[in-house]
Amino acid sequence: MLKCKDIAEQSSEFVDQQFSMKQKAAYFFHLLMCGQCRRYIQQFRLMIKQSKNLQQKPISDETAEKILQQVKKHNK
Amino acid sequence: MKLPFISNPTLFIAADLIYTTAQPITAKPQYMISPQEFDEATLSALMQQDDLAFKKLVKRYHPMLLALANSIVGEAFGEEVVQDAWISIYQNLPGFQRKSSLKTWVYRITSNKAISRLRREKKHINFSSLQPESYDRETDCFDASGHWASSQAKWEMDQPDAQLFTQELQDCINHVLSQLPPLQQAIFMMNDVEGESSSDTCNNLEITASNMRVLLHRARFKLYSHINHFQETGEC
Ligand SMILES: [Zn+2]
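Protein chains in written order, with the working numbering: chain A, 2 to 77; chain B, 119 to 354.
Since the hints were made in silico from the structure, they are not lab data. The structure displayed is predicted, hence computed values, not measured ones. One or more hints might be untrue.
Listed next, the in silico DSSO-like pairs over lysine-lysine satisfying Cα-Cα at most 30 angstroms (straight line) [stated by the list, open to error]: (1) A:Lys58 / B:Lys340; (2) A:Lys50 / A:Lys6; (3) A:Lys73 / B:Lys217; (4) B:Lys272 / A:Lys6; (5) B:Lys173 / A:Lys53; (6) B:Lys272 / B:Lys217; (7) B:Lys217 / A:Lys74; (8) A:Lys23 / B:Lys340; (9) A:Lys77 / B:Lys340; (10) B:Lys177 / A:Lys58; (11) B:Lys174 / A:Lys74; (12) B:Lys272 / A:Lys77; (13) A:Lys4 / B:Lys340; (14) A:Lys23 / A:Lys50; (15) B:Lys272 / A:Lys67; (16) B:Lys217 / A:Lys50; (17) B:Lys217 / A:Lys25; (18) A:Lys50 / A:Lys74.
Cβ-Cβ distance ranges computed for the label pairs, FRET-style [stated by the list, open to error]: (19) B:Ala267 / A:Gln71: 18 to 28 angstroms; (20) B:Lys217 / A:Lys23: 32 to 42 angstroms; (21) B:Ala267 / A:Asp62: 21 to 31 angstroms; (22) A:Lys23 / B:Ile233: 35 to 45 angstroms; (23) B:Ser263 / A:Gln71: 52 to 62 angstroms; (24) A:Gln24 / B:Gln209: 47 to 57 angstroms; (25) A:Lys23 / B:Arg216: 41 to 51 angstroms; (26) A:Gln56 / B:Lys217: 55 to 65 angstroms; (27) B:Leu161 / A:Gln56: 42 to 52 angstroms; (28) A:Lys58 / B:Glu155: 11 to 21 angstroms.
Beta carbons: idealized from backbone N, C-alpha and C, even for Gly.
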């Protein structure tokens with residue numbers, strides 16, 4: 002029987018669909034029994050799905066300008 | 119073994135879960151295509167080494183390139199490697215073949231620069247700074263019998279498809295990301311944020327697929343724990 006800890010440890014493989022049918026069945030069986038893990042996996046999945054919208058900390062105009070100047074200096 | 123009684127609502131939730139998990143989330147839905155991706159006009163300006171277009175490119179990719187370089191050569195050489203990569207990118211833009219996306223091409227150049235720098239500087243690179251940290255935090259989440267040590271906070275969302283990453287949470291996540299071991303940070307950013315394929319991520323970072331999966335999961339789980347904490351306390 003899988004434990005909650007196993008559910009968490011295998012959650013990336015589950016979400017990324019790396020499981021065999023047998024693994025999937027064992028995983029679903031635990032989810033069926035355990036509300037905590039159902040909530041976990043739904044939220045974990047949501048996080049991954051929305052990570053694509055994460056904005057990285059932008060760099061300043063000055064930094065970009067500095068990089069451009071160094072690049073051009075090198076290109077002469 | 120006697121099965122515990124399963125109430126109908128539980129079955130419904132489970133069925134819903136089976137349905138929603140049946141769809142892979144690797145594909146980028148149309149509406150999520152980042153507004154920063156380049157249009158045809160910008161692309162041709164880039165190929166003519168236009169200043170403005172180049173700065174746009176730098177602003178878009180510099181943080182990712184830095185994460186990529188840091189994960190390979192460490193923070194001591196990361197900045198220099200990226201500067202070097204920008205020189206190469208600039209010089210090669212007129213000959214960009216469009217055989218891959220510009221993004222993938224830019225990553226590849228940076229990764230090659232970092233790898234050759236790694237070979238040159240092997241003696242001077244502090245590898246301990248590149249090693250993943252221990253699993254401690256994650257094992258703390260569970261009790262001795264393998265159950266959750268505390269109950270899972272329900273994340274507050276106005277609607278199921280509402281934005282999880284508010285500006286405040288986004289700042290928090292950027293901070294957490296910057297504290298991750300460089301390789302975990304780079305893998306997460308490349309795979310989950312930038313949506314590169316797993317094989318491109320592995321190639322760019324010179325790691326095996328199994329290593330990548332382990333580190334990607336560690337990064338995700340750590341972020342999950344921080345989002346949970348944020349949801350419970352409103353603090354990062
Ligand atoms: Zn459980």
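Here is what the structure says about each hint:
no. : hint                                   : verdict
1   : A:Lys58 / B:Lys340                     : 19 angstroms, holds
2   : A:Lys50 / A:Lys6                       : 22 angstroms, holds
3   : A:Lys73 / B:Lys217                     : 26 angstroms, holds
4   : B:Lys272 / A:Lys6                      : 19 angstroms, holds
5   : B:Lys173 / A:Lys53                     : 23 angstroms, holds
6   : B:Lys272 / B:Lys217                    : 45 angstroms, violated
7   : B:Lys217 / A:Lys74                     : 29 angstroms, holds
8   : A:Lys23 / B:Lys340                     : 28 angstroms, holds
9   : A:Lys77 / B:Lys340                     : 46 angstroms, violated
10  : B:Lys177 / A:Lys58                     : 10 angstroms, holds
11  : B:Lys174 / A:Lys74                     : 19 angstroms, holds
12  : B:Lys272 / A:Lys77                     : 58 angstroms, violated
13  : A:Lys4 / B:Lys340                      : 19 angstroms, holds
14  : A:Lys23 / A:Lys50                      : 25 angstroms, holds
15  : B:Lys272 / A:Lys67                     : 45 angstroms, violated
16  : B:Lys217 / A:Lys50                     : 28 angstroms, holds
17  : B:Lys217 / A:Lys25                     : 37 angstroms, violated
18  : A:Lys50 / A:Lys74                      : 42 angstroms, violated
19  : B:Ala267 / A:Gln71: 18 to 28 angstroms : 51 angstroms, violated
20  : B:Lys217 / A:Lys23: 32 to 42 angstroms : 40 angstroms, holds
21  : B:Ala267 / A:Asp62: 21 to 31 angstroms : 46 angstroms, violated
22  : A:Lys23 / B:Ile233: 35 to 45 angstroms : 39 angstroms, holds
23  : B:Ser263 / A:Gln71: 52 to 62 angstroms : 58 angstroms, holds
24  : A:Gln24 / B:Gln209: 47 to 57 angstroms : 49 angstroms, holds
25  : A:Lys23 / B:Arg216: 41 to 51 angstroms : 43 angstroms, holds
26  : A:Gln56 / B:Lys217: 55 to 65 angstroms : 29 angstroms, violated
27  : B:Leu161 / A:Gln56: 42 to 52 angstroms : 22 angstroms, violated
28  : A:Lys58 / B:Glu155: 11 to 21 angstroms : 19 angstroms, holds
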